[in-house]
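Novice: Numbering (numbering that gives the first Met the number 0), first residue to last: 0 to 122.
Treat the hints with care, since some could be wrong.
Said to hold, decoys possible - Calculated pairs, SDA-like style, for lysine to any residue (alpha carbon to alpha carbon, straight line, at most 25 Å):
| id | residue 1 | residue 2 |
| --- | --- | --- |
| 1 | K8 | D66 |
| 2 | K8 | L56 |
| 3 | K91 | S102 |
| 4 | K53 | R103 |
| 5 | K119 | K37 |
| 6 | K119 | G77 |
| 7 | K91 | E9 |
| 8 | K91 | S36 |
| 9 | K55 | K91 |
| 10 | K53 | A86 |
| 11 | K37 | A86 |
| 12 | K37 | A47 |
| 13 | K8 | S36 |
| 14 | K55 | G27 |
| 15 | K55 | H80 |
| 16 | K91 | G76 |
| 17 | K53 | I71 |
| 18 | K37 | S102 |
| 19 | K91 | R103 |
| 20 | K8 | R103 |
| 21 | K37 | K91 |
| 22 | K55 | G92 |
| 23 | K37 | D66 |
| 24 | K53 | A29 |
| 25 | K55 | K37 |
Keep in mind that the hints were calculated from the coordinates and are not lab data.
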Amino acid sequence: MANMDISLKEMMAVDGAIGAAVVDYGSGMALGTIGGSKDLDLQVAAAANTEVVKAKLRAMDALQLQDTIEDILITLGGQYHIIRPLAGRGGKGLFVYLALDRSRANLAMARHQLRTIEDKLEV
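Construct the complete structure from the given sequences, taking the supplied hints into account.
Specialist: This is the structure:
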């Protein structure tokens, strides 16, 4: 098991990582962040992506889908944003967020690495 600081550092070690956060989607608050830039305010991203998660959960409820979200992928012209709700014990109501530079990232590897990091994360 890895604590949040270790997990955030591991997320930043993913090729192309720009910034990462662990977010409480009940409040929209980032519990921990690392990285970011003048163009990527992780506190704003945490709050905004909380709305993305809530919207998807509402859509799944309206469609009566009996399933869980594995991850949500947002592709921009120059970036990938991966939102992954935590499924493990103690992770209910939290998600990890990873922003990647699209020109330097391998999306399949990043998703795989994020899944591995999530499995070890202890909140």
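Novice: Confirm or reject each hint.
Specialist: Here is how each hint holds up against the structure:
A hinted pair counts as satisfied when its Cα atoms are at most 25 Å apart, and K8 with D66 does not qualify at roughly 30 Å. Pair hint K8 plus L56 does not hold up; C-alpha atoms about 28 Å apart against a cutoff of 25 Å. The hinted pair formed by K91 and S102 fails the criterion: a straight-line CA distance of about 33 Å is larger than 25 Å. Using a Cα cut-off of 25 Å, the hinted pair K53 and R103 is violated, with the two alpha carbons roughly 30 Å apart.
The straight-line distance between the Cα atoms of K119 and K37 is roughly 30 Å, outside the 25 Å bound, and the hint therefore fails. For the given pair, K119 sits about 29 Å from G77 by alpha-carbon distance, which is inconsistent with the 25 Å threshold. At most 25 Å may separate the alpha-carbon atoms for a hinted pair to count; K91 and E9 meet this at roughly 21 Å. Proximity of K91 to S36 is assessed by CA-CA distance (about 28 Å); at most 25 Å being required, the pair is judged violated.
Our distance criterion of 25 Å between C-alpha atoms is met by K55 and K91, whose separation comes to about 16 Å. This hinted pair checks out: K53 and A86 have alpha carbons roughly 16 Å apart, not beyond 25 Å. Restraint check: the Cα-Cα separation between K37 and A86 comes to about 31 Å, which exceeds 25 Å; the hinted pair is violated. Taking the CA atoms of K37 and A47, the gap is near 17 Å; set against the 25 Å cutoff, the hint holds.
At roughly 16 Å between alpha-carbon atoms, K8 and S36 fall within 25 Å of each other, so this suggested pair holds. For the suggested pair K55 and G27, the alpha carbons sit about 15 Å apart, so the restraint of at most 25 Å is met. At most 25 Å may separate the alpha-carbon atoms for a hinted pair to count; K55 and H80 meet this at roughly 15 Å. Pair hint K91 plus G76 does not hold up; C-alpha atoms about 31 Å apart against a cutoff of 25 Å.
This hinted pair checks out: K53 and I71 have alpha carbons roughly 12 Å apart, not beyond 25 Å. The hinted pair formed by K37 and S102 meets the criterion: a straight-line CA distance of about 19 Å does not exceed 25 Å. Proposed proximity of K91 and R103 is contradicted: the alpha carbons are some 31 Å apart, above 25 Å. Distance restraint check for K8 and R103: the Cα-Cα separation of roughly 18 Å lies within the 25 Å cut-off, and the hinted pair is therefore satisfied.
The hinted pair formed by K37 and K91 fails the criterion: a straight-line CA distance of about 30 Å is larger than 25 Å. With a C-alpha separation of about 14 Å, the suggested pairing of K55 with G92 holds against the 25 Å cut-off. For the hint linking K37 to D66, the alpha-carbon distance of about 37 Å lies beyond 25 Å, and the restraint is violated. For the suggested pair K53 and A29, the alpha carbons sit about 15 Å apart, so the restraint of at most 25 Å is met.
Distance hint between K55 and K37 is unfulfilled; the C-alpha atoms sit about 28 Å from each other, more than 25 Å.
Violated hints for the displayed structure, listed by number in ascending order: 1, 2, 3, 4, 5, 6, 8, 11, 16, 19, 21, 23 and 25.
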